[in-house]
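Protein sequence lines correspond, in order, to chains R and A. In terms of the working numbering, the first sequence opens at residue 2 and continues consecutively. In terms of the working numbering, the second sequence opens at residue 2 and continues consecutively.
Among the hints, a few may not be true.
Because identical chains share one entry, a pair is satisfied inside a single copy or across any pair of copies.
What the hints assert, rightly or not - Simulated pairs of lysine-lysine, DSSO-like, Cα-Cα distance not exceeding 30 Å:
1) K60 with K78
2) K15 with K60
3) K78 with K45
4) K32 with K15
Hints are computed from structural coordinates only; laboratory data are not their basis. This structure is a prediction, so every number in the text was calculated from the model and none was measured.
Number of protein chains: 2
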Amino acid sequence: MLPNPDEKLDPRIKRTRGLILRSFEDLLAEKNFETISVQDVTDKAQINRATFYAHFQDKYALLDYSISQMFMQEIEKRTLNVCHYSSDNLRNLILAVCEFLSRMHTDCAQPHQQFEALIEAQIKQQIFGLLSHWLEQSKSKVPAEIPATVATWAIYGLASHYSHTKKRPALEKFVDEALPLVAVNLEQFA
Amino acid sequence: MLPNPDEKLDPRIKRTRGLILRSFEDLLAEKNFETISVQDVTDKAQINRATFYAHFQDKYALLDYSISQMFMQEIEKRTLNVCHYSSDNLRNLILAVCEFLSRMHTDCAQPHQQFEALIEAQIKQQIFGLLSHWLEQSKSKVPAEIPATVATWAIYGLASHYSHTKKRPALEKFVDEALPLVAVNLEQFA
DNA sequence: TCTCCTCTGTTGCTTAGTCAACAGTATCAG
DNA sequence: CTGATACTGTTGACTAAGCAACAGAGGAGA
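Construct the complete structure from the given sequences, taking the supplied hints into account.
Right, dumping it as structure tokens:
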């Protein structure tokens, strides 16, 4: 199930996954995640329901995959996936998470309890992976687990807070204010 | 090859044809028809080149199909396919052909000699079929071939002329002026 | 309670799509 | 002229997607 992310693989598979993803993201803009059935997704994607199950275990797996793909794109756009720790990169990462969650809230119909929890788990996993990658590239051989965990939660918390505020002004200012608090946990290990 | 237009048929077939069509129409907006290769189409459509040949004999067959589909849509939009002869319907038909050709000229990159000839053949075939259908529904048992032919060429000629004029103003006025000249050939048989 | 209905996962067989390889044609440059 | 390159159209063996049918899990309502 989804073994190779973007290696050479059968074009039919790439195409089918693309159709499922697009269909799902369109549906998320219309309806609540809880009310979206696998049937809905496959109907809109013009594929058979059985085919869906050849690619994803269930709609929760699809959500995970979808979120991680979208977030990964956000990260790759800013080339944060191929770099090391720096104050500037950290700043960009926080910006990315804030913007991603904000977009999520404006694009998706009624964010629901369970839905948000699933997103949170997935995004934190991504952030943690990225930070670990950054820290492990440094000369310091200290294990990165603790500082990466702290920073991950801090960053997600900031972004969640930001994206939930009614009128979101001045993202730049918000991030600049928060940045040093997160940076202090990381720079000693980088 | 393309046996059933929109009967129940394998969703893979519908989907694949749709992908080929969209890809082709996008390409037409970018490049000259002559310079579009089957490879180009299949690359953009994300399908295998061999699959293309399972659906269309060559790119000329694709052009025919594409044109006829687009034109048919234009016709169905105005519900001209399910009606009989009347001055008003004829007027709408002329309008449809004019608008279709005009759109063709604005949407497609450099209309070329051969390209225009292929379109002309296809569209005239459609118009002829439609007019024959109208005339054969009338009580007059006279064969419709001759008047339908005359009107077909007249209508296409008008539309071609209109769509080639540099600044196209007042389509309505243009059609109202031309309408009686075409109508006189048809109404005696309807 | 029972039935009706909708959605979920799963299965074995069928069919469309993919692949790689082939021969044939055309164009272009050295 | 010759080799390189690019596109066409076709083939047979392989693989993903479609289908229809199934059992099962709720949920709504009489």
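Going through the hints against the structure:
1. K60 with K78: Answer is within; shortest intra-copy Cα gap is 27 Å, inter-copy 37 Å.
2. K15 with K60: both (18 Å within a copy, 25 Å between copies)
3. K78 with K45: both (28 Å within a copy, 23 Å between copies)
4. K32 with K15: This pair counts as both: shortest intra-copy Cα distance 25 Å, inter-copy 27 Å.
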